[in-house]
Every structure is written in C-alpha cells, then in structure tokens.
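Chain by chain, the residues run as shown.
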Amino acid sequence: MSQTPLPTPSHTVGPFYGYALPFPEGERIAPKGHPGQIVLHGRVYDGEGAPVPDAILEFWQAAPDGSLTGAPGSMRRDPVTGGHLGRNGTDFTGFGRVATDADGHYALHTLPPGNAGLPYISVCVFARGLLHHLFTRAYLRDGSDALLDSLPAARRATLVARPDENAAPRTYRFDIRLQGEDETVFLEFT
Amino acid sequence: MALTQSDIDTEIDDLQTAYDKELAAGASARSHPARDYAPYRSSLLRHPHQPLVAVNGGDPETVELSGPVFGPTDITDIDNDLTRQHPGEPLGERITVSGRLLDRAGRPVRGQLVELWQANASGRYAHLRDQHPAPLDPNFTGVGRTLTDDEGRYTFTTIKPGAYPWRNHTNAWRPAHLHFSLFGTAFAQRLVTQMYFPNDPLFAYDPILRSVTDRAARERLVATYRHELSQPEFSLGYEWDIVLDGPSATWIEEGR
Chain S
0 MSQTPLPTPS HTVGPFYGYA LPFPEGERIA PKGHPGQIVL HGRVYDGEGA PVPDAILEFW
60 QAAPDGSLTG APGSMRRDPV TGGHLGRNGT DFTGFGRVAT DADGHYALHT LPPGNAGLPY
120 ISVCVFARGL LHHLFTRAYL RDGSDALLDS LPAARRATLV ARPDENAAPR TYRFDIRLQG
180 EDETVFLEFT
Chain R
0 MALTQSDIDT EIDDLQTAYD KELAAGASAR SHPARDYAPY RSSLLRHPHQ PLVAVNGGDP
60 ETVELSGPVF GPTDITDIDN DLTRQHPGEP LGERITVSGR LLDRAGRPVR GQLVELWQAN
120 ASGRYAHLRD QHPAPLDPNF TGVGRTLTDD EGRYTFTTIK PGAYPWRNHT NAWRPAHLHF
180 SLFGTAFAQR LVTQMYFPND PLFAYDPILR SVTDRAARER LVATYRHELS QPEFSLGYEW
240 DIVLDGPSAT WIEEGR
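Chains as they are written, first to last, in numbering that gives the first Met the number 0: chain S, 0 to 189; chain R, 0 to 255.
To be clear, the hints were calculated from the coordinates, so they are not data collected in a lab. Idealized CB from N, CA, C, for every residue including glycine. A couple of the hints might just be wrong.
[As the list claims (entries may be wrong)] If you want the footprint, here are the derived chain S segments under chain R, 3+ residues with CB under 8 Å: (1) 8 to 19; (2) 44 to 52; (3) 58 to 65; (4) 70 to 80; (5) 109 to 119; (6) 126 to 132; (7) 177 to 184.
[Stated by the list, open to error] So the derived list for chain R, only partly shown, Cβ under 7 Å to chain S, looks like this: (8) Tyr124; (9) His126; (10) Gln130; (11) Leu146; (12) Asp244.
Use the sequences and the hints to build the structure in full.
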C-alpha cells in the first residue's frame with residue numbers, strides 16, 4: 000500500500016479567467032426549446048452588499064428523471080475551427096457554468112432536478128478573493144430535508160430559491176451573499 | 000496610504016508564525032488556505048463569517064457525490080498544445096508540463112477534464128481588463144484543455160508565463176504561475192489552483208502563495224524540473240501531480 004497522498008492546495012480563480020473558463024451556452028443546461036425549462040437567477044454580493052462582477056458559478060444537478068450520471072458535451076468543441084460548438088441541443092448534461100456580469104448577476108436555464116428528496120441544484124462559487132471555492136445549494140422549494148432542518152430559520156432561508164413573481168413563469172431567484180447579514184449557508188462535504 | 004510590501008510582509012510573517020505555533024502545539028496540518036487571509040486584500044469582503052455547514056457525504060443521494068462528465072467531444076486534438084493555436088509561434092520559453100491527477104487514495108482520476116490558463120511570456124493575460132503595460136502576443140491566448148488518460152496523466156505544451164504586477168499593495172508582483180481547473184469523480188472534489196515554477200525569487204513576497212501557511216502544502220504547488228520530460232530541440236519539462244481532496248465516501252469506495 001503506497002502512502003496516502005496529501006491534497007493539492009486550492010487557490011483563487013483570480014480576476015482574469017474570462018477568456019478561459021466561460022463557454023458558449025454554459026448557462027443553458029436545458030436542451031434548446033425544451034418546454035420544461037426553468038430559470039434560476041440572482042446576484043452574488045460581497046460583505047458590503049456590493050455586487051461581485053468577477054465571480055464564476057458552476058452548477059451540477061440530477062436530471063429530471065433523477066439520474067445523477069450526467070452526460071458529456073457541456074462544452075463541445077469544433078474540431079474544424081478549434082472553437083466552441085455549444086451543446087448538442089438534445090442531451091441534458093447536468094453541468095452549467097456562468098460568469099457573473101458587471102452587475103453581479105447570473106442566470107441559469109435548466110430543467111427541474113429530479114433528485115430524491117427535495118429538489119436542489121448544487122452551486123459552486125469561484126471569485127477573485129476566494130482562495131477556496133464555496134459550495135452551496137439552491138433548493139427549488141422548502142420542505143423536509145436533513146440539511147435544511149438542521150439550520151435556524153433565517154439561515155435556512157438562504158438556501159431556498161424563491162419563485163420570482165416579477166419574471167416569467169418557472170423563474171426562481173437565488174442570491175448569494177458571501178459575507179455579513181443574510182450570509183448564504185456554505186457547505187463542506189465530510 | 001497604499002500599503003507597502005513591508006506592511007504585507009509583516010502580516011504574512013505574523014500569520015506564518017501563528018500557524019507554525021499551532022502546528023508545534025499538535026494541530027493537524029492544513030492543506031488549504033484560510034478564506035480570510037488578510038494579506039490578500041480581495042479576501043476581506045468575500046469570506047463567509049459563519050462556519051461552513053458539514054454535509055455528511057455518506058448518503059449516496061447526496062448530489063455532490065457524483066460529478067459532471069466530460070468526453071472527447073469537449074476537447075479537440077490540439078487543445079493541450081497552447082503553442083499551436085495560432086498561425087505563428089508564440090514568444091517565450093517553450094515548456095512541457097505533465098503529471099497525474101490522483102484522488103486521496105492515490106488512485107488515478109481517469110478521463111477527467113483538466114483546464115489550464117495563463118499569462119503570456121511577458122506576464123500579460125489576453126483579457127481586456129489586464130492593463131499591465133506588457134505586450135500582448137498575437138500568437139498566444141493562453142488557454143488549454145485536456146482529458147486525463149487511463150493512468151490519470153495530463154500533458155500540456157505551452158510557454159513559461161512571465162511574472163506580473165497586481166494591485167494588492169504597492170510593488171506587488173505575482174510569481175510566474177499556471178492556473179489549473181480540475182474535476183474529480185465527485186463535484187465535491189472540484190479544485191481550482193495554481194502551479195508555480197521551482198526557485199522563483201518572488202515566492203516569499205506573494206500573499207496568494209503564502210496564504211497556504213503549511214510549508215509542505217506550499218511546496219506541493221511547485222512543479223519539479225524533469226529533464227526526461229524536456230523535448231529535444233524544443234521544450235523544457237516540468238512534472239506536477241495534482242491530488243484532489245473531497246469527502247471520504249468518494250475515495251474509500253472500491254471499484255470506481
């Protein structure tokens with residue numbers, strides 16, 4: 000038995016990932032034109048309530064049928080031009096990646112997750128200033144759940160996306176507050 | 000008044016001393032940096048004040064114990080050669096960087112996406128907001144991708160990036176580094192990190208590298224020069240293995 004290796008330390012994604020990590024249709028996990036599409040959107044805020052314009056969010060979730068196997072093809076490449084082809088328009092890959100805009104806003108277009116228990120989308124936050132990414136969850140409704148039930152009401156509310164009545168149907172608002180009052184609950188997996 | 004390198008050095012030294020004392024008193028080593036590492040000023044308003052909430056990874060229904068899947072459609076043949084993405088040759092010292100992606104049990108992580116991005120040989124990113132007055136290189140963008148092979152190995156051909164200034168404090172310079180983004184078999188193993196080059200005189204001054212207060216962990220961010228990886232008449236070789244952290248349930252399980 001070889002010696003157990005020690006982990007490689009995490010470092011910040013920095014401010015200058017924009018030409019490397021985002022990819023066309025990174026925000027569109029739902030196949031094109033799918034009638035069941037939902038939108039999850041919101042802003043990322045820092046400890047002074049200022050929007051964070053240099054964050055990048057990743058999303059991972061179960062398919063509507065509950066499967067957690069994912070599918071390749073989130074960031075398909077064009078072998079002729081070397082550029083991005085985008086998703087193939089039919090497969091549900093389960094993975095999304097969205098950079099926040101100048102106003103700290105993101106929007107993810109996806110299908111409702113069909114995981115066992117309360118439906119949720121796993122979110123991973125990277126940003127300049129974050130030396131280690133932060134995991135959180137966007138639950139699409141409130142209810143009984145081991146994690147939610149372990150939290151006081153105010154903290155629990157930070158994990159539950161709200162139907163956005165000012166927007167189109169099936170649009171959910173999920174803001175992420177990195178610090179301070181109403182700070183989002185961030186997770187570690189043990 | 001803007002902070003000087005000497006102000007930052009004092010903060011870095013104080014935090015290093017505090018960590019060394021903890022370690023001497025029997026605390027376990029910390030591989031990852033603290034999120035509230037004050038010498039890196041951008042961390043101040045962006046680290047949570049509340050402790051992270053532990054999620055027991057033993058439940059197979061935990062979504063984060065599975066992960067995104069990538070395949071041959073997500074890369075093209077030359078994505079791992081950053082010197083071939085433009086009609087001309089990029090300026091700078093050509094390098095070959097190779098290593099293995101492993102999990103905490105030392106097993107290779109196969110078929111997973113490795114993303115690399117970096118500044119050019121002059122220390123400038125192909126990013127509009129990087130206004131460091133060093134030349135852009137029309138033959139170098141600085142983005143690479145590859146999938147790990149059956150042994151968990153990745154290989155990139157690129158050029159050595161330059162050091163560059165940033166605005167953390169007056170006269171702040173980052174050592175040359177490559178940015179890496181890695182996926183494991185679980186979303187909870189996700190890692191974004193940076194690789195450094197051996198013997199860089201800027202190591203001691205950099206609050207980002209020094210945020211890893213464990214000396215052995217810091218050394219794990221530095222690649223090793225390997226002459227056998229150097230390509231004759233072409234490039235200098237560096238080896239850098241990457242070990243993904245993550246919940247125990249993803250690595251004690253057999254047969255994955």
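Tested hints:
no., hint, verdict
1, 8 to 19, "holds (count 12)"
2, 44 to 52, "holds (count 5)"
3, 58 to 65, "holds (count 3)"
4, 70 to 80, "holds (count 9)"
5, 109 to 119, "holds (count 5)"
6, 126 to 132, "holds (count 7)"
7, 177 to 184, "holds (count 6)"
8, Tyr124, "holds (4 Å)"
9, His126, "holds (4 Å)"
10, Gln130, "violated (11 Å)"
11, Leu146, "violated (10 Å)"
12, Asp244, "holds (4 Å)"
Violated hints, listed in ascending order, are 10, 11; each of the other numbered hints is respected by the structure.
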